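Protein chains in written order, with our numbering: chain E, -19 to 173; chain Y, -19 to 173.
Rather than coming from a laboratory, the hints here were simulated on the basis of the structure.
Every value quoted in this text rests on a predicted model; they were computed, and no experiment measured them.
Every residue gets a Cβ at the ideal spot worked out from N, C-alpha and C, and that includes glycine.
Be careful, since some hints might not be right.
From the derived model, a few chain E residues whose C-beta atoms are all more than 10 Å from chain Y [claimed, not checked]:
#1 Leu7
#2 Ser33
#3 Leu38
#4 Asn58
#5 Glu110
#6 Glu140
#7 Lys143
#8 Leu166
Keeping only pairs whose Cα atoms sit at most 25 Å apart, straight-line, the calculated DSS-like set for lysine-lysine is [said to hold, decoys possible]:
#9 E:Lys54 / Y:Lys11
#10 Y:Lys77 / Y:Lys143
#11 Y:Lys158 / E:Lys77
#12 Y:Lys113 / E:Lys51
#13 E:Lys113 / E:Lys171
#14 Y:Lys156 / Y:Lys143
#15 Y:Lys143 / Y:Lys11
#16 Y:Lys139 / Y:Lys158
#17 Y:Lys77 / E:Lys77
#18 Y:Lys57 / Y:Lys171
#19 Y:Lys139 / Y:Lys77
#20 E:Lys57 / E:Lys77
Take a look at the letters that make up each chain.
2 protein chains.
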Amino acid sequence: MYVLFEGVDRAGKSTQIELLQSALADLIVTKEPGATPLGQKIRQILLHEASPSALAELFLFLADRAEHIQKVIKPNKNRIIISDRGYLSGIAYAHVKSGIDLEQLIDLNRLAMQGVEPDLIVFFSLTPQELRKRFATQPLDSIEQRGIEYLLRVQDIMKELLKRLDRPYIILDATKSKEEIFHDILPHIRKHQ
Amino acid sequence: MYVLFEGVDRAGKSTQIELLQSALADLIVTKEPGATPLGQKIRQILLHEASPSALAELFLFLADRAEHIQKVIKPNKNRIIISDRGYLSGIAYAHVKSGIDLEQLIDLNRLAMQGVEPDLIVFFSLTPQELRKRFATQPLDSIEQRGIEYLLRVQDIMKELLKRLDRPYIILDATKSKEEIFHDILPHIRKHQ
């Protein structure tokens, strides 16, 4: 079972993944970008390269995604895999940066993913107020600096994609406490154990 | 003017590019992969990474190509640019490795190239006999080791692509002497100076 955790930065995905790792045995936790040796190198480029073109960046993410599906997701499909990010953020960020339309980006991602799509998408939704609050207190990295408005736009596109991708999903109110959110998620994962 | 020099390894492309650099002023010589800072990092990954999946490799080449077009070809289109490799090898190698059909690969490459295609493709064609001879005398790198038959198949696909891509091209008999080949190429480049 391939479960995709999605949402903009600071929505609380990592915290919930840690709680699940403590609660459930035999969970495979992975991420994009950077879950494979090749992905690590791509992640380094993405984090540190001075302004690659939007298209080059799109293809780097797709290379990471293709390798991740091939080397991590496919061989473990009979176990519970939780991935911190995947094609939902991939498509949304690429759309905002490159202007390529969503349908073409969905096709490109499906090519990279070789027919393997998530069995469940767990989406962390933040209100604009909460997003501003969370970003006011910590130093910003290069993606985060692009601003709150940008992240809100990406979040809107992710929600639009949830409807279009035709995969099972749940939307969580990420402004709730971590205990409440965990309580909301756990039954969805447990029933597949 | 964007001129693409294509052909399998050891067909003599680099030798002719050097001769042109000596003969013509104001030539921009470039290559794929690795002509930009981002491309250099991608090239390092492609040369040294242990067995990336065929799809991941395809997307890495497309990232390099997108960056190359954006940062090198587009800003210099009013000069004579000679590129050592480009989408012709890109599509042919990807087709052989990934099995993705040629039309889909052409579409992916046109997306990466943002509507910029070569004004001329100079293709170096080798006979099977000559290819075997050239590979018998030098140590082989990882791509070359995949064998002569593999390279001949790639060459056949490149020729098929020359017909399909609908761009001006010339096919050179790469078994000729370097002086003869240079004599064949020069008028095609000179008339655009």
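We went through each hint and held it up to the structure:
no.	hint	in the structure
1	Leu7	holds, 24 Å
2	Ser33	violated, 4 Å
3	Leu38	violated, 8 Å
4	Asn58	holds, 20 Å
5	Glu110	holds, 35 Å
6	Glu140	holds, 22 Å
7	Lys143	holds, 25 Å
8	Leu166	holds, 34 Å
9	E:Lys54 / Y:Lys11	violated, 35 Å
10	Y:Lys77 / Y:Lys143	holds, 21 Å
11	Y:Lys158 / E:Lys77	violated, 46 Å
12	Y:Lys113 / E:Lys51	violated, 38 Å
13	E:Lys113 / E:Lys171	violated, 34 Å
14	Y:Lys156 / Y:Lys143	holds, 23 Å
15	Y:Lys143 / Y:Lys11	holds, 23 Å
16	Y:Lys139 / Y:Lys158	holds, 21 Å
17	Y:Lys77 / E:Lys77	violated, 30 Å
18	Y:Lys57 / Y:Lys171	holds, 16 Å
19	Y:Lys139 / Y:Lys77	holds, 17 Å
20	E:Lys57 / E:Lys77	violated, 32 Å
Hint compliance for this structure: hints 2, 3, 9, 11, 12, 13, 17, 20 are not met, and every other hint is.
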